[in-house]
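Participant: Here's the letter readout for the chains.
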Amino acid sequence: MNLRGVGTYILGFASLFLIWHVCSTWIIPSVLFPTPWKVILKGIELAEDGTLWEQASASLARIASGFVLGSAIGIPIGLAIGSFPIVRRLLEPYTEFLRFIPATALITVAVIWFGIGETSKVFLITYTTVFIVIINTAAGVSAVAPNKIRAARSLGAGPFQVFFFVGLPATVPYILTGMRLAMANSFVTIIAAELVAANNGLGKMIWDSRLYMLVDQIFVALVVLGFLGFFADRLFRWGIYAFAGRFSPVT
Amino acid sequence: MALVQLAEVSKVYRSLQGSDYVAVRDFSLDIEAGEFFCLLGTSGCGKTTVLNMVAGFEPVSTGAIRINGHPIAGPAADRGVVFQGDDSLYGWLSALGNVEFGLRMRGVPRTEREEKAHHYLELVGLKGQDHKHPSELSGGMKQRIQIARVLANEPQMLLMDEPFAALDAHTRADMQRELKRICSATKKTVLFITHDIDEAIILADRIGVMHAGPASKLKGIVAVTLSEAERERTHDRFLEVYRQVHEMIRDEVAISLGRNRDEVANSRMRAH
Ligand SMILES: Nc1ncnc2c1ncn2[C@@H]1O[C@H](COP(=O)(O)OP(=O)(O)OP(=O)(O)O)[C@@H](O)[C@H]1O
Ligand SMILES: [Mg+2]
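For the protein sequence lines, the chains are B and A, in the order given. Each residue of the first sequence is one higher than the last, beginning at 1 in our numbering. Each residue of the second sequence is one higher than the last, beginning at 252 in our numbering.
It should be emphasised that the hints constitute simulated quantities derived from the structure, not laboratory data. There are no misleading hints in this set.
Here are some, though not all, of the chain A residues that point toward chain B, as calculated from beta-carbon distances under 10 Å: (1) G331; (2) G336; (3) D338; (4) M356.
Ideal Cβ placement from N, Cα and C applies to all residues, glycine included.
Please take these sequences and the hints and turn them into a complete structure.
Facilitator: Written out as structure tokens, the structure is:
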């Protein structure tokens, strides 16, 4: 993105805050709807005493570990489902059944099983990541142009070489797309889980603030959440571009 | 014994609706070792189908294909394939990576394979483009990468499906010359698909013309016994062969465009 692109982007964000300001100052003036300025001041206060960092990093750490674990499990399973019809038939009942049970519906079960500590959160993020990654990876394998495989075979590649040097790289863009979607879902899941049962994290912060009617503080958590999600997605996209841009399909 | 023997080969495609399509029926052809054979036919007549079976990509439905007397057991490095279209290139590899792919799979050391890849890239006129990825190349350039990729692998047979269709006239003439030179220097056996009669006459030892589909097979074979000097579009003997091939193919074009066989035969009779 060039300088002008960045400029437009910042302008877009500024307008979002401007509309918020207009709404909270003139259209719905209420203590229950703080202005951006109040939220920023509150945010600085929370950042200075360290709470903000503590809560945000707790949530992020859970997302990161569940996301990595879920991808590590999902990618090989997705590759196997896409490559072997028999594996597809064996595992499709699991994927097709379980993917319609959202992670948020499993929060209570997770807490009963694993307690309110880290394990239940990582379990939920892993769960939400795994199915999206599996489905996208398997779809990617099916989408590999048959002529790519045929060419490799008639150039002398064996079945394992076809898998590692053609099937896998051709599927990379789909795997990355699946991971990106899973990342967005992880943000939804972690907040829901922390709202229900947690000792810390942004979700817990929102819930506690509600108890004491600290509306400003709720908004700080919301804004931070928005930015974290935005930057996580940017980082991911940048990573794709920097390390895997060349894996984009031919056309 | 001919290198490639197709004996009464048929290919039936199962359609998803359950009705079958007979693409090729009782197709017989012998190709001698070192021969340049051009397969000519209207669009959709089954040329690619025949090539896919010889390559080992598709099993025959009935009949048999033998190479060196042995039935085909899938694709192998002795038969290099240039595909119609460019979806067989590897988008994540550079031009060089694509060209040396076969050598890498077969364990050729890096310096040797890079040297070979460079040689063939230069041969197809893509010197200095080796670090570009397929998405950064034009249609004609991608086609030439495919050709270099197959040549670098040095197969005994070349199976080429309209390899020059995406090239401009000058590049095409140049590539035709180059291909002919390589094939006679290295004694390659070639099955070359085209719908361009001129191209077939310039390249071929023999030209096989196919019937229009469905259930297509060879209508006839024209031996091209022209010398190098006679393979010029303006030469009398060239024109003679052209007329002969054209005669064979023009009815098939009419049929493939929807007129039935009897109708075409009748109108031909009346014209005489
Ligand atoms: N995988 C397939 N499944 C079903 N039908 C097929 C399949 N491949 C080809 N056909 C049919 O077989 C016939 C011959 O196709 P083929 O691709 O061999 O033609 P072609 O002679 O190569 O044509 P063109 O010159 O346009 O490339 C066509 O009618 C086509 O619809
Ligand atoms: Mg074809």
